[in-house]
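**Student:** Produce the entire structure from the sequences given, and follow the hints as far as they go.
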Amino acid sequence: MKRLHVHVAVQDLQQSIRFYSALFAAAPAVTKDDYAKWMLDDPRVNFAISERGSAAGINHLGFQVDHPSELKDLHSRLQAADAGVTEEKNVSCCYARSDKYWVTDPAGVPWESFH
1 MKRLHVHVAV QDLQQSIRFY SALFAAAPAV TKDDYAKWML DDPRVNFAIS ERGSAAGINH
61 LGFQVDHPSE LKDLHSRLQA ADAGVTEEKN VSCCYARSDK YWVTDPAGVP WESFH
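Its first residue numbered 1, the sequence shown is counted upward by one per residue in the working numbering.
It is possible that some hints are incorrect.
What the hints assert, rightly or not - As a list, the in silico DSSO-like pairs of lysine-lysine whose alpha-carbon atoms are at most 30 Å apart:
(1) 37 <-> 72
(2) 89 <-> 100
(3) 72 <-> 100
(4) 89 <-> 72
(5) 89 <-> 32
To be verified - Simulated restraints, written as ranges between beta carbons of each label pair:
(6) 88 <-> 31: 18 to 26 Å
(7) 22 <-> 67: 32 to 40 Å
(8) 35 <-> 92: 37 to 45 Å
No wet-lab data here; the hints were simulated from the structure.
In this text, a Cβ means the ideal position worked out from N, Cα and C, and glycines have one as well.
**Tutor:** This is the structure:
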């Protein structure tokens, strides 16, 4: 089984650690002065953030879930991260209809969760 890896450059590591810990409902597996990493099993991802001088910015990242109950759980996590959740119900995007939640993390990266 493969594990997705995502690395995001951030401007404020501590603020970003708080955000992602709330989003993932888990503390980082590794924390350094300029770096933090989560090794998640659901979804299977190696997710890293760092303050290594790179400009912040990715178009967006996201999670696709299999069941509406998983989307509801993600919505709760996003609310816990106090990130200003935008809800889209039954929207048409990328040739499919889905329910979505959008937030922007402390580094300005948009996150999409959808079913």
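**Student:** The structure should be examined with respect to each hint, and the outcome stated for every one.
**Tutor:** Do the hints match the structure? See the list:
1. 37 <-> 72: Satisfied, since the Cα-Cα distance of roughly 25 Å is no more than 30 Å.
2. 89 <-> 100: 6 Å, holds
3. 72 <-> 100: 10 Å, holds
4. 89 <-> 72: 12 Å, holds
5. 89 <-> 32: This hinted pair is violated, its Cα atoms lying about 39 Å apart.
6. 88 <-> 31: 18 to 26 Å: Hint violated: Cβ distance 34 Å, outside 18 to 26 Å.
7. 22 <-> 67: 32 to 40 Å: 22 Å, violated
8. 35 <-> 92: 37 to 45 Å: Holds, since residue 35 and residue 92 (Cβ atoms, about 39 Å apart) stay within the stated range.
Consistency note: the structure conflicts with the earlier hints numbered 5, 6 and 7.
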